[in-house]
Every structure is written in C-alpha cells, then in structure tokens.
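Taking the numbering used here, the leading residue of the first sequence gets 1, the next gets one more, and so forth.
No lab work stands behind these hints, which were simulated from the structure alone. Do not rely on the hints blindly, as some may be mistaken.
[Said to hold, decoys possible] Cβ pair distances, simulated, as ranges:
1) GLY405 x GLN137: 48 to 58 Å
2) LYS481 x VAL385: 52 to 62 Å
3) ASP412 x VAL92: 47 to 57 Å
4) GLY310 x VAL385: 15 to 25 Å
5) GLU101 x ASP339: 53 to 63 Å
6) GLU182 x GLU447: 30 to 40 Å
7) TYR490 x ALA466: 21 to 31 Å
Cβ coordinates follow ideal geometry from the N, Cα and C atoms, glycine included.
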Amino acid sequence: MAKVLTSKEENYAQWYNDLVLKSGLAENSAVRGCMVIKPYGYAIWEKMKEELDRMFKATGHENAYFPLFIPKSFFSKEAEHVEGFAKECAVVTHYRLKTDEVNGGLMVDPDAKLEEELIVRPTSETIIWSTYKNWVQSYRDLPILINQWANVVRWEMRTRLFLRTTEFLWQEGHTAHATQKEAEDETMQMVNIYADFSERFLGIPVLVGSKTESEKFAGAVETLTIEALMQDGKALQGGTSHFLGQNFAKAFDVKFTNREGKLDHVWATSWGMTTRMIGALIMAHSDNHGLVLPPRVAPIQVVIVPIYRGNDELPPISEVANKIKDQLTTLGVSVKFDDRDTQKPGWKFAEYELKGVPVRLAIGPRDIQNGTVELARRDTLEKKVMPQEGIASYIKNLLEEIQEGIYRKAFDFRSDSTHRVDTWDELVDVLNNKGGFALAHWDGTRESEDKIKETKATIRCILLDAEQEEGKCIVSGKPSKQRVVIAKAY
RNA sequence: CGGGGUAUAGCGCAGUCCGGUUAGCGCACCUGCUUUGGGAGCAGGGGGUCGGGAGUUCGAAUCUCUCUACCCCGACCA
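The whole structure should be built from the sequences, with the hints applied where relevant.
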C-alpha cells in the first residue's frame, strides 16, 4: 500500500495531523487558527451532538440560544472569570467599514466606533447570568436547566486541528438552582454523563476527578473533569463540569425568595464538551492505516465495495449488495454501497481504511458464484469469507463486538500505562520514559503542585473514587490521604 | 510575546549561495487504450503575476530594503 500517513512511531504529532487531513475530517482555513470542518468530520460531530443532546434532554435539560457578543463590562463583574479569559478575547470595536480614499480598498470607519466594545464569547456565563437575573424571583422559578450548542472564540497562541482552535464548537450547559446540594448534584450528574458518553459511545475510558485549585475553571468553586489517555501517553481533558457556587449569582445579582421567605443568591453550574473530543477520538484508537472509529460514532458503519470487470459483471453484484444494504438498513445500520466506477477496488479499500469505516464487505464474481462476501474488520484488520445468508444480523452483532473491542483495547492500554509512584525519581522516570498516568501522593499545597509542574506534567485530577491510604507527598514528604493523577497533557 | 524557519502549479518540493534561453520534478487533474479480489500501466495534454511592494541591473525566482502570512519550539489554554 502506498504510504500516505507518517507513522505514529516516527512522529506522533505529524501522524495526527496527516490523519486529520488525509481522512477528510478538517483542514486549516484562510483564517489564522480556525479550521474548516469538512463533511466527514462534521458528520462525526453530528453523531456526538445527537447522542449528547439525547442524554441532556433525558435528564431534563432544554436547549436555548444566547448572543455571540457580550458587552465588555459584563466580564469585569466576576473577578476570577476576567482574570481567566481577558487574555484571549476577540473584541469588536467598530460596526462599519468604508472605502479608503487614500490607499484604496476598505478601512474601518473611525466614526463607527462602539460606545462599549463587544467581546466575542469565549464562554457564556456572563451573558447568561445577566439574563437569568430577569428570570428568577422565587424558588418556584428554579431550577433552570439550559444547554446551548454554540461556537466560541478563544485567541490561543498556538492551535492544532480539533485539539485547540481559535474558534471551536461546543455545548455549554448553564443551570440555576435553589440549593447548594442541588447544584452540586447537578455538577456530579453532568460529569458522569460525560464519562458515560465517552466510554460507551466514543469507546474512550476516562478518569473522573476534580481539578486542583490552580487548574479549575475561572470563576468556579469546583471543577470536575474527565481525563482520557492518548496513545502517546499524554492525557487529554474531555468534558468539564463546574460547580459555580453563588459566584455568578452574586456578580450579576441573581436573588430569589426561598421557601422560608428569605432572600438568597442562586446556586449555579456550567458544563461543556467540545469538538476537541473528535481529536481525542482520533488519538485514542487510530493506527498507521488511518482512523479507527467505534461503530456508534461512525458516519458510515458498513461499506460495500463491488469488484468487477466490464459492465456485465456489475448488475448481479449490485443486486446482492443492495439486498444486503436493505437488510442492514432495516436493522438500523448505516451502509454505503460504493459502486463508483471512477475508482478501483484497491483504492477504495485504502480509502475506507483511512476513514475508519468499521466493517467493509467486498463482493465480486467469485462471491456471486459461491453465495459469499468478503468481510473485513477495521479494528483488527481481519478478513474472512462469509456466506451471504444471515450476513446482516451477523454484522449487527459484530458492530457491537467491535465497539466493545475498541473500548477494551483502550482500557487495557490505560491500565498498562498507569503507574503508582512513591518517590520523586519514580515520577520523573514515568513522565520521561514511560508516559501515561502516574498515581502519586500529594500534600495538597500550591508549592508542591508548582514543583510538579516543573516536569511539564500537571496534576490532571483528584480522583472522586480514589481509595484512601496513608502516604507521603512525593515532593514534600508531608502526609497525604490519597493519590492524585499526574501526567503530561494536551 | 521570546527563539528558529518557510513562502515557486491544487498538494509536496528542487532551482536562490554564484542574476542570463521558454522556471523544473513527483503526486493530483484532463484525454485515449489496456486494466479492476489491496492505493494500476503506457501514451498524450492542461495548469505559474516564483507571497505583496519598492529598489539595484541591459536583464531578478535568484541581490538589497520593506511589508504580510504561515509553520516549528517555549510560556497560556478545552
């Protein structure tokens, strides 16, 4: 096979980039740091969206939409929030262009300067909480359980396709509650939804934990996260779910009368997952032949490739192919019959491998004679000849098996890449030589955390379900009750 | 924002040091024939303001100045 991808072993970052481009998921655009998501990549996003949306609605959330622009003054209301986002905001200062009489072309009309600049949202807490203020007077108005599908802009220094782009797509949930407990439960519920989605749908095992003080969301009391492990041993933060306490309610003066007739500030959460998860999906499962997509997110689950010479051989093949396609469609499987005569079979095999289609069927004259098809699995690259009879239900089951197999493989990789370390030297050894997650005792101080950061790794999270054990901080030697997860990350 | 690099056909590159025919090569594209069970072969063909601007020169992809864009490495981040 012609080599179109740089191998993972040769250069992992290059492999990733090649893969995104060659498989047709996305490409860089004319705009710095912004990508074009191509149809195949967008189809994956639509699948993810569809499933997440279903999960949100099943837990009582509704979709709404808030403005792209946020008045600058809104940002200054929550101190930590400003601090966190001010450095990466795109700002609208004018509302009109005019012809440049001197240099030709267009120029910003200096007479069209805005009274107050508008920020292109990097996240919507501020505009949403300024709105919620008008929606809440009584505990009867609570909870508010809203999600929005949107694009946001963060002016990052360096960008990478899907992993970090200036503009990205995401969903952001913003809920308001009458009690602390209810908001905390919501925060927990949503991080668990992300974990479930990631594992069951994307086939990516995740650790669920809380962020340290220094790593949490700007303006949050607590940030819960899901952390996944990529094949190069680096961690990637998936979704995050924030317990915002009463911070935003206080900043935007959102008060309500509770059951006891007393005035109180509303309790808040926010949670989000982004197109970055497509990057995680790619890096978690794919190989040197291309993407490996779990069946549940694959836009095409089965592709049928006819093999024929001359137009006489095609009709009987098409007949069988269409029959199998219909059977699969009835079972809810998405199928593409690629009968283009502009590409050869070998070309198509390579192409669908690159695109990560889970199951490929090849049907040629031999199969017509014998009543068979050739079935190839993308995840294991196994091929075998199967009878046409009963192939649809076989594939239906096989897709489940593949979904499970992909998850299992990622899970085993993570297990093999998770190391308990008890000394500083062991930590450095894991980070520099082995990669993956290091589980280590930490004394909970900022000083020790900063020391860990000098290795270029960070504390990814404090596991929610970690076992309690006596230990000593690998930095300070001070006592610690449980281990935290340390890794280099994207 | 610091350090390094790049800009020549849709993509990837050579040519630039040392100025001089009509700016090449691979892939892709188009036409024809032969092919089709793992990215086909042969023949023919199309496609370029050499990133923009200014300068030096008889002559600039090549030298000088300038602007712009992008990439890589760091600090920031989902």
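Whether the CB-CB distance between GLU182 and GLU447 falls inside 30 to 40 Å: holds (35 Å)
Pairwise beta carbon distance, LYS481 to VAL385, judged against the given window 52 to 62 Å: holds (58 Å)
Supplied distance hint 48 to 58 Å, evaluated on CB atoms of GLY405 and GLN137: For GLY405 and GLN137 the Cβ distance comes to about 54 Å; the hint holds.
Cβ distance range 53 to 63 Å for GLU101 and ASP339, holds or violated: holds (59 Å)
TYR490 paired with ALA466, Cβ distance criterion 21 to 31 Å: holds (23 Å)
Assessment of proposed distance window 47 to 57 Å (beta carbons of ASP412, VAL92): Since the Cβ atoms of ASP412 and VAL92 sit about 49 Å apart, the hinted range of 47 to 57 Å holds.
VAL385 and GLY310 - C-beta distance against the hinted 15 to 25 Å: holds (23 Å)
The structure shown violates none of the earlier numbered hints.
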